[in-house]
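**Student:** The chain contents come next:
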Amino acid sequence: MSQTRSLIDKQGKRTDGRTVGQLREVKISVGVVKNADGSAYIEFGKNKIIVAVYGPREVHPKHMAQPDRCVLRCRYHMSPFSTDTRKNPAPSRREVEISKVMREALEPALMLEDYPRAAIDVYVEVLQADGGSRCAGISAASVALADAGINMRDLVAACAAGKVDDKIVLDINDTEDKEGGADMPVAYMPHLDEVTLLQLDGVLTRDQFNQCFDTAVEGCKMVYEIQKQALMQKYFGNETEVKEEIQ
Amino acid sequence: MQELKRRYVIPGDKIVDGNFRPLMNVIRIGNSIISTRIGIAEAGRDGIKVIPLSGVYIPRINDIVIGKIVDRSSLSWDVDINSCFTAHLPAQDVFGRDFSPARDDMNRELATGALITARIIAFDRTRDPMLTVQDRDLGKIPRGESLRISATRVPRLIGKRGSMIQTIEQATQTRVIIGQNGVVVVTGRNQDGIDLAVKAIKVVEEEAHTSNLTQRIKALLNVPDTALAQPQGSEFVEKSSESEDISEISPTKSVPQSVSNIIQRPISNEQQSQGRGEREQEHERSATSRFSDSSPSPSSPPSSVVTPVAPSDKVRSQEERPRKGEEQRISEGDTRKTKTPVKGVHDGLQEHGKKEGDN
Numbered sequence: 001m002s003q004t005r006s007l008i009d010k011q012g013k014r015t016d017g018r019t020v021g022q023l024r025e026v027k028i029s030v031g032v033v034k035n036a037d038g039s040a041y042i043e044f045g046k047n048k049i050i051v052a053v054y055g056p057r058e059v060h061p062k063h064m065a066q067p068d069r070c071v072l073r074c075r076y077h078m079s080p081f082s083t084d085t086r087k088n089p090a091p092s093r094r095e096v097e098i099s100k101v102m103r104e105a106l107e108p109a110l111m112l113e114d115y116p117r118a119a120i121d122v123y124v125e126v127l128q129a130d131g132g133s134r135c136a137g138i139s140a141a142s143v144a145l146a147d148a149g150i151n152m153r154d155l156v157a158a159c160a161a162g163k164v165d166d167k168i169v170l171d172i173n174d175t176e177d178k179e180g181g182a183d184m185p186v187a188y189m190p191h192l193d194e195v196t197l198l199q200l201d202g203v204l205t206r207d208q209f210n211q212c213f214d215t216a217v218e219g220c221k222m223v224y225e226i227q228k229q230a231l232m233q234k235y236f237g238n239e240t241e242v243k244e245e246i247q
Numbered sequence: 001m002q003e004l005k006r007r008y009v010i011p012g013d014k015i016v017d018g019n020f021r022p023l024m025n026v027i028r029i030g031n032s033i034i035s036t037r038i039g040i041a042e043a044g045r046d047g048i049k050v051i052p053l054s055g056v057y058i059p060r061i062n063d064i065v066i067g068k069i070v071d072r073s074s075l076s077w078d079v080d081i082n083s084c085f086t087a088h089l090p091a092q093d094v095f096g097r098d099f100s101p102a103r104d105d106m107n108r109e110l111a112t113g114a115l116i117t118a119r120i121i122a123f124d125r126t127r128d129p130m131l132t133v134q135d136r137d138l139g140k141i142p143r144g145e146s147l148r149i150s151a152t153r154v155p156r157l158i159g160k161r162g163s164m165i166q167t168i169e170q171a172t173q174t175r176v177i178i179g180q181n182g183v184v185v186v187t188g189r190n191q192d193g194i195d196l197a198v199k200a201i202k203v204v205e206e207e208a209h210t211s212n213l214t215q216r217i218k219a220l221l222n223v224p225d226t227a228l229a230q231p232q233g234s235e236f237v238e239k240s241s242e243s244e245d246i247s248e249i250s251p252t253k254s255v256p257q258s259v260s261n262i263i264q265r266p267i268s269n270e271q272q273s274q275g276r277g278e279r280e281q282e283h284e285r286s287a288t289s290r291f292s293d294s295s296p297s298p299s300s301p302p303s304s305v306v307t308p309v310a311p312s313d314k315v316r317s318q319e320e321r322p323r324k325g326e327e328q329r330i331s332e333g334d335t336r337k338t339k340t341p342v343k344g345v346h347d348g349l350q351e352h353g354k355k356e357g358d359n
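Here the protein sequences come in this chain order: A and B. When we follow the working numbering, the leftmost residue of the first sequence carries the number 1, and every step to the right adds one. When we follow the working numbering, the leftmost residue of the second sequence carries the number 1, and every step to the right adds one.
The hints are simulated quantities; they were obtained by calculation from the structure and are not laboratory data. Careful: at least some of the hints might be erroneous.
[Unchecked claim] Here are the simulated DSS-like cross-link-like pairs (lysine-lysine), alpha carbons at most 25 Å apart as the crow flies:
(1) A:Lys34 x B:Lys5
(2) A:Lys178 x A:Lys46
(3) A:Lys48 x A:Lys27
(4) A:Lys48 x A:Lys34
(5) A:Lys62 x A:Lys13
(6) B:Lys68 x B:Lys199
(7) B:Lys199 x A:Lys62
(8) A:Lys221 x B:Lys68
(9) A:Lys48 x A:Lys13
(10) A:Lys46 x A:Lys87
(11) B:Lys68 x A:Lys34
(12) A:Lys34 x A:Lys13
(13) B:Lys199 x A:Lys34
(14) A:Lys87 x A:Lys178
(15) A:Lys48 x A:Lys100
Please model the complete structure; the sequences and the hints are all you need to start from.
**Tutor:** Okay, structure coming up:
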């Protein structure tokens, strides 16, 4: 991957006007799909993604059921209108892979052993894509799973970091992803301090890798605060703060 | 021991550090108790728990549920109990031990589509829930409009000591049967009342976590604020007119009441005296005597005086329920004379019980 043009200007601004350590604007709403047991809508910059969670529910086909745990099924799908050229709605190799990594990113947070012989379905529908949609999808899916009342050890927050113009930047967008030096999506459980997804596309030195990883984790923590706020707002309205434990 | 205030939590939130016992919807990680659900964290005498605010119904033994017959095999009915597991009602439970698939017609007793109230007698990780209708006030529900709400909203629909559901019932001249699985059946004489009750129940479900809900429901039902729903003394009225908050949905407070609502609760005397013929009244009297072996009177204590039993020691037992005796007391306390529109249903079961006894 080699860059053909500069993506950070002299003032240190990126193509969309952000600084290197700045996250895109993130908005999350909870409970947007009435039919689902849990749902969330996320706007992560120009990404617009809707996630619906169903379950725990009966497993069909029955042979997929596990006697000791719940089956988590994840479907990441990009709408035909989500990109500038029409995307074939049939599941592509990329979508099948992202579905798998999303499932594996969410599984460690879920207490699947609490629901034996059942299934949880997570549908992630990308309405508009602008780079970093797997991270946005994981963040929204985690909120939707919490909304569905599924036992979770922690929320999963995801954010990418990458290399642009030999600088480590937070939350890379579509242009930076395509033209930049590296892209590292990370999913992270903030309270448990555990990483559930770590991918890397591009080349980084050892120091760059460490720096990039730390930057991504910082981004995850920022996303977590937004996830938390969205859930609190949905369930407790404005009464969210104050109530603290007395030591 | 540290004092712990009630607080709002989401999955992953640390509730407290220290040697506390995790009760429900919490896990211990290291030295900390962590919430696994969105809800309200509480410290009881026994340990720490979170009252969840969302989630589908997961069956538990002794839950009273409303189910729909969806299929039958030669020896049992399959019942949809609004859960990820299909429940089974053995034919022997209805026909007795001498049930014979060749002689007894299961379809005649409970056809596909029939609604029943039943108790879960067995359920674990390896088996589907097993139901029974062999108990007071369980069995087929002959008519009514059924709707499904989230099971986590059931305690809120019942309200403190049944205040919410009584308000709805009395204002709309209906009877509402609530299953702990979130299935609600509304019966009544006029359709407008039923429609209004259904609307009110849906509002309660949607706005369960907001404050002053009872006031809004009263406004919706055009009930004056003078606590129409409160059956007894001023102390009771005072208590239930306290400002409402989300804590009302605490199942620990209201599940015993939910049992009494699930069990047939009669329409009050005033309601009954409206527009009924002599014949109907006579039928009711006989139905009551068959239906209830107690001798209920208007002066019976309200169900609100029944205290819930202490929570079970089991980590996953989750909600407090009355013991069998107490459950009976609740329904007796509530059974202020005479008619239940659904009573007739139980005739078959009662007779069946008698037959078994004879044997």
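**Student:** A separate judgement is required for each hint: does it hold in the structure or not?
**Tutor:** For each hint, the structure was consulted:
no.: 1; hint: A:Lys34 x B:Lys5; result: violated, 33 Å
no.: 2; hint: A:Lys178 x A:Lys46; result: holds, 16 Å
no.: 3; hint: A:Lys48 x A:Lys27; result: holds, 10 Å
no.: 4; hint: A:Lys48 x A:Lys34; result: holds, 18 Å
no.: 5; hint: A:Lys62 x A:Lys13; result: violated, 54 Å
no.: 6; hint: B:Lys68 x B:Lys199; result: holds, 22 Å
no.: 7; hint: B:Lys199 x A:Lys62; result: violated, 37 Å
no.: 8; hint: A:Lys221 x B:Lys68; result: violated, 46 Å
no.: 9; hint: A:Lys48 x A:Lys13; result: holds, 24 Å
no.: 10; hint: A:Lys46 x A:Lys87; result: holds, 17 Å
no.: 11; hint: B:Lys68 x A:Lys34; result: holds, 23 Å
no.: 12; hint: A:Lys34 x A:Lys13; result: violated, 41 Å
no.: 13; hint: B:Lys199 x A:Lys34; result: holds, 17 Å
no.: 14; hint: A:Lys87 x A:Lys178; result: holds, 17 Å
no.: 15; hint: A:Lys48 x A:Lys100; result: holds, 20 Å
In this structure, the hints that do not hold are numbers 1, 5, 7, 8, 12, in rising order.
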